[in-house]
Structure formats: structure tokens, C-alpha cells
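S.K.: Listed here are the chains, written in short residue letters.
Number of protein chains: 6
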Amino acid sequence: MFYHQKRLQYFTPPEKPDPVYAKKIQELIGGSFGEMTVMMQYLFQGWNCRGPAKYRDMLLDIGTEEIGHVEMLATMIAHLLDKAPIKMQEDGAKDPVVGAVMGGTNPRDAIAAAMNPQHGIVSGGGAMPADSVGFPWNGRFIVASGNLLADFRSNLHAESQGLMQAIRLYEMTDDRGVRDHLSFMIARDTMHQNQWLAAIEDLQSEGYEETVVPKIAYEYGKNEYAYQFWNHSEGEESAQGRWAKGPSMDGKGEFQYVANPQPIGPEPNPPQPDPRLHGTAKTPQASQAATGEPNIVERVVDVVDKITPGGQE
Amino acid sequence: MFYHQKRLQYFTPPEKPDPVYAKKIQELIGGSFGEMTVMMQYLFQGWNCRGPAKYRDMLLDIGTEEIGHVEMLATMIAHLLDKAPIKMQEDGAKDPVVGAVMGGTNPRDAIAAAMNPQHGIVSGGGAMPADSVGFPWNGRFIVASGNLLADFRSNLHAESQGLMQAIRLYEMTDDRGVRDHLSFMIARDTMHQNQWLAAIEDLQSEGYEETVVPKIAYEYGKNEYAYQFWNHSEGEESAQGRWAKGPSMDGKGEFQYVANPQPIGPEPNPPQPDPRLHGTAKTPQASQAATGEPNIVERVVDVVDKITPGGQE
Amino acid sequence: MFYHQKRLQYFTPPEKPDPVYAKKIQELIGGSFGEMTVMMQYLFQGWNCRGPAKYRDMLLDIGTEEIGHVEMLATMIAHLLDKAPIKMQEDGAKDPVVGAVMGGTNPRDAIAAAMNPQHGIVSGGGAMPADSVGFPWNGRFIVASGNLLADFRSNLHAESQGLMQAIRLYEMTDDRGVRDHLSFMIARDTMHQNQWLAAIEDLQSEGYEETVVPKIAYEYGKNEYAYQFWNHSEGEESAQGRWAKGPSMDGKGEFQYVANPQPIGPEPNPPQPDPRLHGTAKTPQASQAATGEPNIVERVVDVVDKITPGGQE
Amino acid sequence: MFYHQKRLQYFTPPEKPDPVYAKKIQELIGGSFGEMTVMMQYLFQGWNCRGPAKYRDMLLDIGTEEIGHVEMLATMIAHLLDKAPIKMQEDGAKDPVVGAVMGGTNPRDAIAAAMNPQHGIVSGGGAMPADSVGFPWNGRFIVASGNLLADFRSNLHAESQGLMQAIRLYEMTDDRGVRDHLSFMIARDTMHQNQWLAAIEDLQSEGYEETVVPKIAYEYGKNEYAYQFWNHSEGEESAQGRWAKGPSMDGKGEFQYVANPQPIGPEPNPPQPDPRLHGTAKTPQASQAATGEPNIVERVVDVVDKITPGGQE
Amino acid sequence: MFYHQKRLQYFTPPEKPDPVYAKKIQELIGGSFGEMTVMMQYLFQGWNCRGPAKYRDMLLDIGTEEIGHVEMLATMIAHLLDKAPIKMQEDGAKDPVVGAVMGGTNPRDAIAAAMNPQHGIVSGGGAMPADSVGFPWNGRFIVASGNLLADFRSNLHAESQGLMQAIRLYEMTDDRGVRDHLSFMIARDTMHQNQWLAAIEDLQSEGYEETVVPKIAYEYGKNEYAYQFWNHSEGEESAQGRWAKGPSMDGKGEFQYVANPQPIGPEPNPPQPDPRLHGTAKTPQASQAATGEPNIVERVVDVVDKITPGGQE
Amino acid sequence: MFYHQKRLQYFTPPEKPDPVYAKKIQELIGGSFGEMTVMMQYLFQGWNCRGPAKYRDMLLDIGTEEIGHVEMLATMIAHLLDKAPIKMQEDGAKDPVVGAVMGGTNPRDAIAAAMNPQHGIVSGGGAMPADSVGFPWNGRFIVASGNLLADFRSNLHAESQGLMQAIRLYEMTDDRGVRDHLSFMIARDTMHQNQWLAAIEDLQSEGYEETVVPKIAYEYGKNEYAYQFWNHSEGEESAQGRWAKGPSMDGKGEFQYVANPQPIGPEPNPPQPDPRLHGTAKTPQASQAATGEPNIVERVVDVVDKITPGGQE
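Residue numbers (UniProt numbering), protein chains in the order written: chain L, 1 to 313; chain H, 1 to 313; chain G, 1 to 313; chain S, 1 to 313; chain B, 1 to 313; chain X, 1 to 313.
Calculated directly from the structure, the hints in this document are not laboratory data.
Each hint should be verified, as a subset may be incorrect.
Treat identical chains as interchangeable: a pair holds within one or across any two.
Unchecked claim - Taking lysine-lysine pairs in the BS3-like style, the calculated list, with each CA pair at most 25 Å apart, reads:
no.: 1; residue 1: Lys245; residue 2: Lys83
no.: 2; residue 1: Lys252; residue 2: Lys222
no.: 3; residue 1: Lys245; residue 2: Lys222
no.: 4; residue 1: Lys252; residue 2: Lys6
Keep in mind it's a predicted model, so treat the numbers as computed, not measured.
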């Protein structure tokens, strides 16, 4: 169960409105790596967690913090959209040339035209659960697999992309209010990258997981192919990396560089199509209904029915 | 530019068809962490790569390999869908009770009903670019940010989730053909987890990135908050983890556990809504058009227009 | 800012696992009218609210409660998925007929086949942010328009559809645990329907809104058409309803039944296409590049350029 | 079955083209609350209606009217896109500074850049089934539940949001043609809000439904929680509303304000994960295949198989 | 403007309900090539048509017919869902083994489990605007480009895939009512394939278009590559087709088979990344803020600002 | 299996960067008819092909070529985004009027505002798998039905729309580099339209398919309706086309123009709703649980259970 406190975790209002920047900063709310993603990802991981209490508790701590991050950004967007240009001006018509071509626009209108139109039409000046191009946040943005190592790596990736995006948005403005606000979020994302790295170390040092997840992979996999780098593209620059030679990261093998990889499998030879699906077969076929004879599938089905209890016979 | 070779990288046909398993294994083609995701992610990262040649070449090597993995799985699905039950049988009608309620179904029909219907209706017995519930693969499943550390972490996460799913699908069948086939893919995913861990090490040892990405975060962030764990949920089990005490993973701070976190920001106080958007304000408003008087925004706009070159005056 | 408490708002575990029911009850988490929808809708409405404190506070109260409802259902799904059938059994192969056709399935496998496959492959036995067919929750499911009457009507609609779905799911099981659990949620939804009806009354009695929202509609609309019912379909059964006669609900007009509605507008006559877009015009056109002469648009643009400062001349 | 008449229900062409406004007004065609939504929602409700003829007939009347509204707006967009700027001008190159940075753009190009690019590239100057940010209309925007009270509330909500958006778009232009056109649609939406309120009254006065839908909720719900307002957020401003005290809107209870709500349920305790899913359990686990011993699930399955007819034994 | 007539264009009720078939036949309503697609595609093409009246009228004829096809299928689905199994039975519990594992399911429940759950929970036994896996219809399924040849080819393709799917669904049932109903729709699709082939011939014989659309392609294209088949995959079986030799279909060239295609372009060499985006460059970079010196982009911008009117100086 | 070669199939860099054009040309990568669509469509058709080797080989040739087309465009976009304006300038603040309203924007910022924001924030200056409005490519854009005639028609349609879009984009720029680059792609699309027309001819001349696909349609359809044009809309302009008279395109019938089409079917009469779904029935219903008596469905189920082996009795 959850409780809400009125004050924001942190907040500095922008010095001045900026509806175009409001459009951009939506990426941090509803983008693939926005706060809705980390909020939902950590909460679902916490709710689905069946591991030790410290991990579950930690996931719910940070998931709950992230709800407040969405709140902070939603408040920021409300300020950025204040006094956004809504109404087209009569004076466009006074410039007959522009008016004739464009339907009454002036430079301010041009700027207004670059807003997310839904910030006016749909949300009436409020934040939306969407990214910087207006695409809605969706549930496929998150993962909660039940395996904490796989999930902590997902979390590290989400925080890495998310911090990158926050930095880029920081660079895109000189508004001291927005920058101060973002500087808090940047610090939290710095913590969260550290946190997931620490959590990965913790999980491995406690003996829950090893380098490769899940550890049963070694028992099921054809391990002779588990340390080969296949050079599928022209040139061998890729032979120069850590992944091409030396001991593998899991300490169980030696990286091997396959400079001229050859297929191991056969040519594909899928079975001929069921006539009732009317796919194209190797030889032209008369239309099934016309033949009056059972096709291969029907003959198999007949046999099946004869020996099945309650079958046709 | 690309070339195709007829033989498959690896392939073992299934011992027998299994249309329900065909539905499930679609997850490995078109799911969030399926082969289409890694193929597209590595190719776009390679195409967008402006870093050293060894990284670009390596990305295109593995991206090109993954195209072949989609091919292998598509071939597998064609075999699994062979002889899938298509036509409902007359004998359902012979069981008058079931017939009355269900419209002529028998147990084999029940199994057939669990197929992905589009495997019959849409693809005619072929693989589809969709996941195990039929949701289509889409471009938001991938990321290519231009920053290789952020992206290699994304790749590690994708391979971790993907290998987990391959293992689960391995457990869901006893078909020796399918298992043999999957065992090759499991080995390649094992390599790929190793590979991204190696690539991360390589990138850092070459001096391109540090622990936290991007490294400029320290210059922009409020670093006093960059090492604090905030305990937003009841209980302090989360204090027991590596993330709550000791040196931070980046070696630049000390983890600190904030047991009773308090908001730092103010209560939100967004500006009153523009009357022309007809949002609800703090006090009831007469309808704008009725007043006959310019509202606040209009008055601001008037001032603006008067002092703008080419304005209303 | 938010806090989490460990205990659930309410919970009764199911008497026994039921993976097929787990698939169905996902509708209440991630469907169009599931708990994620009301949670996000109320939180965004609260964050975007610029009206009186009592409405904002109320929105955040109920939005925060709904986070806990997602939590309750996620926990329920974890129990329902316990011991879900994962591994296909060898004994399918012992029934040679079924085995030949279906790839080794027995009745338990048939049931297993009806699970949401992602409950095994992706979430490892946990809840997902998706509906009962596996389609992900997305941000277009919610609205926060800034106008509280419009939004409270949206909330009433969401709670009405949501309660209907909870009742249907209640009917679909006899598990006493699930039913007890749902009976709490049904009571809360009953409250919430009452609540939004009360909030609508409150908003109108406080003078914020009238019957039709937004109230300025009367000033902008062609009111002669504002109370007419147009009978666009054969038969006049629709004349028998409250909407066809008597005073209109807003008290400002009289419903009027237009039995044989006729168009008021002209036939459409859209302008001829720009030749550079190569749409089909009324008369066949030579390919533009071939003519060597400027087309209509180019001639307009020429004029524009000549009189624009910095233009071509 | 349907028939089409050439003349539009109503139409006034715009005074002049305006491609940016064409982008915005797409919201009224393909947005969540656009004409495609009400058209499809009323048609599906009508087709699925099994209630009295007057409701079915009325739904098909208005659904059929709405097809014509999409037609009217599509025609409007064709006019607004006439002479839209398509070709970039050479003169951008004459401004070497702008040219160097931006690739040859001038102010008119800047305006052109704010168009929906698909209005040129994809539709060749025609309307699209998408909203103002280009996101496509989809079937999850509508509902037809079979219960008319739930659905009429959905219709009231859709018309309320839709009218709000039409008003906002009216404010965003001074084009007299567009405004005249919208004023007709505003009047129809005014009617439709009235209509759904009347239909709700009709349905209740005829005895089909009561205040809370579906009325069986009282029989299944834990009614002791059906009239409580839970104060999940700091502050008690929410105690001041109609929803916090007095008789409930359904006349069956008394609103009650719970100032300090406490959880009723236990801490969640989901079962330990199936080892074959490789989720993280409370204690570290050896990899399953390695143990050589059946795990818990396998032991259960063994028992099951032994007592199932046709089982392993 | 549109009118509705009560009787269906054609209809035969199913002999008996079949909820699983109801799920499948949704493909014909809301799938990529279902009736919603052709309805919307033809209506939007008609509304956007600026060509001769006969084409516009014809498009609106068939678009209006297709609305009625959605209606016919929606009615069919209502019948197929009649008496669908909703409530789980107590007797599952009587089979203790199955009960213990599966939560009280019997064979009828197994069949029920294969329904589209939303047919019960969401639509209450009615059709939905979605396909056979529950994925919603969306606006990206259609195209209306303004060019009638391109669009008539799209229509031919949609009718070809759609008829294929109708045939497959015909094969999947033995219900005489459903088959009779589908046989009417199959005939209409047969007409519609003929119709679009005729419309393509008509358009070309009237001189609107030639073989390749748009015909200006020859003026803009590098025609030396316009008739070459590039053999990008191993083997030369592809040399045996009509596309590899002989006169091209447009009569303007000769097909040419390029057996060993070689790249014409250079190696890609994208510019180094802007330091403010923190992408990985060819050489490791100090963090920008730390240098205290303007980076390359800033230096360019400085120059720009100095020579721009109203710039920094 | 696939191989990559470093050089691009063809490439000419743009003369100068143009971030707005970069946004537009994304349509050719990730739009409905972009290169990702044809690449994936041809590859899946090839992988699913069970017909003669020449078709399979040809599909994989062209599918493999198209991977390289995505690569070419991704490289183009990297160049177009070079030096894109990222940082907002201080000098906006120097224009106090604009600054007060817009938050510090100048004309260059206005242009920057029209970029796809994700080109900066998400991809760091690289191409994305999305269209010109930022909507992601998805798997529903393609089809591979197994029937080659249906699929070759889909391919012809995709190449027709795609070439149209390439031409429009060609017209939208004067950059000689971009135009040269596009002129190669235009030539390849010209080939591909020719190719699919040739492949259709080849398939029919080889006897695999006839005019209408699938050819069994004549056996299942009500052929008396297979050549009628129904005039559903006012006016008979549609009688003037090739589709309204003369022999049908398949040579098996005569087109017939039905000027006043009348419904053949009855009025719909769907069955009354199951009481447990709480839909609205023809007469008001007491709530089910209150009656204490089994409803119709329960009575049917009782009968069923009594005669089912293992039923309730």
C-alpha cells in the first residue's frame, strides 16, 4: 500500500516558459527510458520478487522513489507550458504573401507550430504519458523476469540510457531553473547506476548467480561454440578487441576468433504446404475442392480418427 | 552491403510437429528480447557508430550473425507447424452435449484452439515477426544511442533476458531436435554475454568511458545526492545490501543509507490555466467569450504585439 | 513524493493455482480499464490539476490507493501461476496417434497451451503490464485534460467499465480466495462510482461547470443544431427515447427529432493536387520534370519569393 | 447495410490553406476522442446491442452520422493542405551562415518543417487516420461492453473530451471558414452530450439499470468498504468534498472519510519459484540439471502422473 | 453523409455457437486485411480523391459496402459467442489430481480457456475491433496516397490477402451456416479482385498512369540500374525467372542479371559526434564541461552568432 | 547465413546537413513502406517459401539487397544530422518580448524545434527504426502468407507506394548529394516494380495461380455475386468504369452494375445476453445472484453436466 506526501522530492521552477522544451522533456517521463519505465520496472520486479527480503525491499524503495520523479517532471512541464501560444494572430493576414501561402502565420506561430499539439488540445497544458514525439508509454518498455541478475542488468541499462538522455536535455537548455532541477535527477541517476552495479556484485557474492545468467546455460549449451567470435563482416578489425582473445569473462573458456565462419547447418527444406492453406507448393496444384479426393492431410486425419476413441468410425 | 548463403548457421529439425510450441517459440523471433531485437539493435548501433573501427566492425559482425538466427528460427517454426490441425471435424457433432454447447469441438480441436490462429490464417504455416502472444515486433524494442558504453550495457541486458528465455523454452519441450537446435543458440548467447562484458572492459580500459555513463554526469549533477540510498518503503531490509554502505562502485563516493527520507522540494504550485483552454481554475470562471474583456493571456499578447516588429500596431 | 508500506490493502490468496485464470485477470491490471489505467489517470489528473485543493488532494488520494490495487493483483497472479505446467511430458509420445499429429501433447498440456506463454517465458511466473490477450498497457488509455468535469466523467466511465469487468471475472471462478479478494475490489469500485458522481455534483454545485462541458460551447456553436436528433438509420424506434423530445438535459433547449435528415453542406470539391506530389488529378498529366515549365505552385512561389525580403531576386 | 449521399452534412471551406493547422485538426479525426472513435464506438455498440430496439436504433443513427463527420473533416484537411510548402528553396543557400548550419532553410521552410511530414510524403495532401502527432487511431480507443449504462457513460465521456478539444481547436484559429465549420460540429457535440445524459436517464427510468453498474455489485462486494473514502495522501483537503460525507449517490449508504487508512491485508508471501524458470529464490540454488535429483515440481508431477489415467506408469 | 438500412447485406446464422471460431474470425474484422481495413482504406481514398468523378464515386461505393461487411461479421460473432462457457465448474475439484495442479479445470474449461478472454470480460459477447490474437486494428493498416494507381495496387493486394484468409477460415469450419455466410463474402472478394484489376486497366487506358508509378521515376532515376537483378544470395536459381531476362514489363528496358554484384559506394564515414551528445568518438574525450574550452561545435556557433543579425555580439 | 561487406551499395553524401530533412527521410527507413518493410517482407517470404527454388532464391536476393538499403539511408541520416542545433542560445533572452513568452528562442531555435527530438535525445545523431513522425516500425507492416501470388501483389503495392514516397522526398530537397543518392534508390524501385510484375506473370505462366487468388474461390463462393458492382453511393458515375461492364478480368464472368442495391439478408437478431455477463437485455433483469434460481445458461449447463461422463451427478 502506498502513501503520498505533498512536497516534491526536489524542485526548481524554470525561469521562463518554453513549450518546445516541454515537448522534448516528455522523453524523460514517457520515453523508453523515462521515469515511467523505471518506476514500473522496479515496482513490477519488486512485486514479482521471490528472492531475499533485502532485494525485494530495495526494489520497492527505488520504485516508490521513481513515482515521485514522474511527479517532479509533470510539475516542471506544467510550468514550461504556461502562457504557451495558443491562438493564431490576425496580423498574419497583414503579410499578404505569407498569408496567401501559409494561412496566416507569423514567426511566433512558427514556434507555436513546433509544440506538441496535444499539449494544448488534449492535456490543456499538462504533462502526458508519452515521449518527445508523442508516442505513448507502453508496457513492453519494461521487464521483470523473476531472475534478479538478468533484471539488475536491465536496470543498469535503463539508468545508463536514461542518464545519457537527461544529460542531453541538460545541454539543450540554458534555463537555470531547469538545469538546477535536472542536476538533482542526474545525481539520483548517478546513484542508481552505482546501485545496480552494487546489486549485481551483491547478488554474485551471495552466490545467487554467476557471470552468465542463468548459470544452467553451460549444461544445456553446445559449449564448443560458447567462446567463438564469428567474423560475419568484411575486415578483421574486430579481432583487436578483448572479446576476440584471452580468457572469457566467465573464466570458463578462451575466446577464439573465427575469421572465416562457415555454416554448420544444412540448406533449409521445409515441408510442403497443407493444400487447405493454399500456399504455393513446389508443383502447381489443382484447387483442392475440385479433386474430389482426400489430400495428404485428410488421409492422415482419417487414420487418426479411426484409432482415436470417439473418432469417426 | 550484404550477401546471403543458402546453408543455415546451424539446424536440427524437430522430431515431430508441435503447433503450440511453434506459438511459444515466436518469443525468440519477435519478442522484446528475440533475435529481431538483437539483429536490429546491433545493426543500427553499427551503422550509427562513429567510434573506433574495431567496435563498428564487431557490431556489424554480430548483427549480421543475428540475421541468420532469425532465419534458423523461422525454419524451425515451419517444421513445427507442419500438419497443424486446420479443419474442424464432423465427429464433434456426434457428441451432442459438447456439440450443443461448443459448436462441434473434440479434444484435438481443443489443442488446435490453442495455436496462434494467425499461424494458419495469416502466414499459412510460416513464422511471423511477432512474439508468443502475437504482438508485433516494433522499433521501440531497440536502442542505439551513439554512446557505446550505454549501448553495450543494453546489449548485455538483451542477451541476458534472451538467454533466460531460450533456457525456459528448452525446458518446455522434450523434443530432441528442438533441444539440439536450442543448445547451439544457447551457446551463442553464452558467448554474447561474455562478449559484451569483454567489450565493456575493453571500452573502459581504452579510456573511452568510466563507471558512470556519461562521465560528465559528475560535473552537472548535485553530487551530494549521488551516493544516497533513499528508503521509501517500510522496513530497512534494504540497508543490508552492498548499495547501502561502503565505497561506491565508481570509487568516487561512499554509499549512504537515508532511513527516513524527507522531501527537499516545495509543494507544487503550477500556474493558473489559460482561460482559452477551459481547464478548471481555482475559482469558477465565466465563459471567456461572454466577458467581452481580454483575459490575462490576451493582455500579455497585446503588449507583445505592440513591441514586436511587424506586430499588430 | 511517495512511501510504500509492506502490508497489502487487502488480500486473500487463491485456494489453488489456476494459470488460465491468471491470464484472464491480467485484464484488471493492464487492460483499458484496469488498475494501471485508473492509477495513472488519477495521478496525472492530480499532478496536472490547477483547480481547488480539495479536488487535487482527492485525485492524489485515489490515485495513490490504485497503485496498491495493482500491487494486490500482481500478488494474486503470482499465486495463481504457482506450479503452472511448464515442461511437456514424455508420455505424449506414448499415444502414437496424438503424438504423430500434435507433437506429444496430453490433456494437461492442452490446458497448459492456453496459458499466456509470456507468463512462463518472459515474466517467470509473475504479473505483467498487459491485458488478458497480452497487449501492453499504454498511455493512450488515460486522459487528463485539465478540465475536471470532462475528466470526472472519464473517471466515472472507467470505473463503470472496470467494475463490470471485475464482476465478470468474479463469475468466471468459484475459487473462494479469488472471490473474496475480488469482493473487496468490487466494493472499492462501488465507492469510486459513487465518488465520481459526487465529485461531478460537487463541481457543478460549486459553480465550476454546467451540464455541457465546456460551457463556452453555447457561444461558439450553431445552437439551432444543438438539440436535434438526426435519424440516420432506417426506422424510427429511436424517436421513443428521452433524447428525442422534451426539454434538453441542460435546460436550454427542446429536443427535436429530425426524421428525414438532409445534408446541409455542398458536395466536396477539394483543390487539384500539387503536381509535385504526383497524385491523380482530374486530367492526365505529363510528368512534371518533362514539361520544362513551372507548374502552378512554382509560379505562386516565384511571386512570393520576389516580394519576400531575402527572396530569390 | 449502408448508403452514401454525395453532399456533406455541413461544410464551409477555410479562407486559406494552413498546413500546420491541418496537422492539429487531425486530432478530431484520429485522436483518442476524435470522430473515428465515436463513429466506431457507436457502430460496434449498435451492432452488439441486444437490448430494446430504441437503443439499438439510436446507436446506429448516431454512429452513421459520425461516419459523415469523419468525411467532413477529411474534406477540410484537403483544403487546409492545398499549396502546402513542399519544395525547399535555393535561396537558403544564399544565407551562408544559416546554410552552413542548417542545410538551406529559410523562414518559410521553418514553417514547412512543422507540418506533419506524412501529409506530404504518405497521403499526398490528404487526411490520415491518425491524431495530431501522427499516432494511428486504434481499436483500443473504443468500448462496447454489452451493458448500455456502462457504455452510455463511456459515450458521455468521449463527447465531453471531444467537445473540449473542438473548442480548443476553435480558439487556435481565426479562419472564419474553419470556425464556421467547427461551430456546426460543436453544436452536434452539444447535442450528443445532452443525448447521452438523456439516454442514461431513460435507461434508469425504464428500470434497466440503477446508479452503480452493474447492479449485482452489491451482492458480490464487501459493502462495508463500499462508501469509504481513503485518505492516502498527506492533508485532509479531500474531506471537504461531497464524496466525503452525506448519503452516497446510490442512496444505499453514507459516505465515510477514513483519515488514516491502514492496510487490512498481510505482507505478500508469493510461493518460491519453479526451479525450471530460473528465477531468483530465497536461497541460492545449484543449477537444476546438475543436481541429478528431481526438484519439487518434478516430484509433484510424478505423483500426478502416477494417478492420472494414461500417466507415466 | 451516410444512411443505414436495418437489413444486412447477406446473413446466415451459424448452426451452433463456437467461441473458439469466434476468436479466429475476428481476423476478418480487425486484422491487417480485415473488413475494417478495406472499409477505411476505400473511404479515405474516396474522401482524398481529386481525380475523375468515376473513380471517387466507385471508391465511395465500395467503401460504403464494406461498412456493411463489418456489420455482417459482427452479427456472426454475436451468434458464435452465444452460450459461451463463462463460469468454471465445481466438478473440476472432484478430480483431485487435476484440481491440485490446475485449479479446477475440466475439458470444457480447457476449451473455454482457448477463447479470446476479452470476448467475455470486455465485450460481453460481442465483436471487437481487433484481430484473431486480440491486437487492435490501427490506422497504419491503410493507405490513401492520392495516386490512384499506387492505391489500386494496394487495394488489389488487400483483397488478395483478405480472400486468402476468408478461404482459410472457410476450411476451418464445417458449420453450414458459417460456410454459407462466408461463401457470399468470398464472392464479393472475387468481384473486388476483378474490380481492382479492371480499375488499374481503366486508369492506364485513360492515360493517367503507366506501368511504373509515378511515371516521373524515369526522369529522376539512374536508369542504368533500373533493369538489373542483383544476385545477393548464393546460387543462381533466381536467373531462371521472367524478371532476369527479356524485355522489362514497362517496355522501356531489358532485364539484366548481375550474378556477382559489387558495391558501387564507398565505405561509410559519418562525421565525428557532437561532444554535447556524448556519443563515443574515435578518440577518448575528456568530459566537455571540464575542459573549460569551447568545443568544435561551440566555436562554429560562435562564428555563426557573430555574423547573424541579432546574434550574440 | 549472412555476410556483410564494408562498402555501401551506393552512396553520395549530402552537400550540407539538414536535420529537418533527416526527420522526413526517416519515412524511407521505418515507415509503412520504408526499406525495413521490404527487407523484412522479402526475407520472411523467402524463409517461409515452400515453392520452387527460383522464387525462394529470388526473394532472398532482393531481401538481402534491401538490408543494404537500410544501411545506406542510415548513413545518409548520420550526415544530415551533423552539426544539428542542440544547445539553446543565450541571445534569446536578449529579445525580452520573445523571451518572456517563449523561453528564449530565436529563429535558429525555431528551426531546431522542428527536428525529431529523439534524433538528439535518444539516438545521439543517428538513424532510428521509425517513420517521419517518430512512430516505430512494426511487424504488422509486412505479410508473408505462403501464397506467392498474394504476396507478389503485396510486394508490388509496397514498391509502388515506396517509390512514390521516394519521389516526393526527392522533390522536397535541392541538395545535389541527397538527390543523387535518391536517384539510385529510385532506379532500384523502378526495377522492383518491374520485377514483381514479371514475377506475377511468371507465376501465372508456370500454372501456379490464375487471376483470382486463391483459385479455389470459385468453388466456395456464391458466384452469382462474384461479378456485380453494387452502387452504394448516390450517383452513377461509377457505372462508367471498366469494372462496371464487359467481361470480368478473370475471363469467367461479365461485370454487372447493380444501380439500386438491396439487402439480401434479414434484420440482425442476436441472441439474448448471458445474465452472468450483465449486458442489457430486452427486458430489465433482476440481479442474478438475488433470484436464487438458475438462469437459462445454468439450466443448460445442468443438463450438459448430467449427461457428460464425469459430470456433476
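S.K.: Each hint should be assessed against the structure and marked as holding or not.
M.R.: Against the structure, the hints come out as follows:
1. Lys245 <-> Lys83: This pair counts as neither: shortest intra-copy Cα distance 60 Å, inter-copy 38 Å.
2. Lys252 <-> Lys222: The answer is within: 14 Å in one copy meets 25 Å, while 42 Å across copies does not.
3. Lys245 <-> Lys222: The answer is within: 19 Å in one copy meets 25 Å, while 41 Å across copies does not.
4. Lys252 <-> Lys6: neither (53 Å within a copy, 33 Å between copies)
Violated hints for the displayed structure, listed by number in ascending order: 1 and 4.
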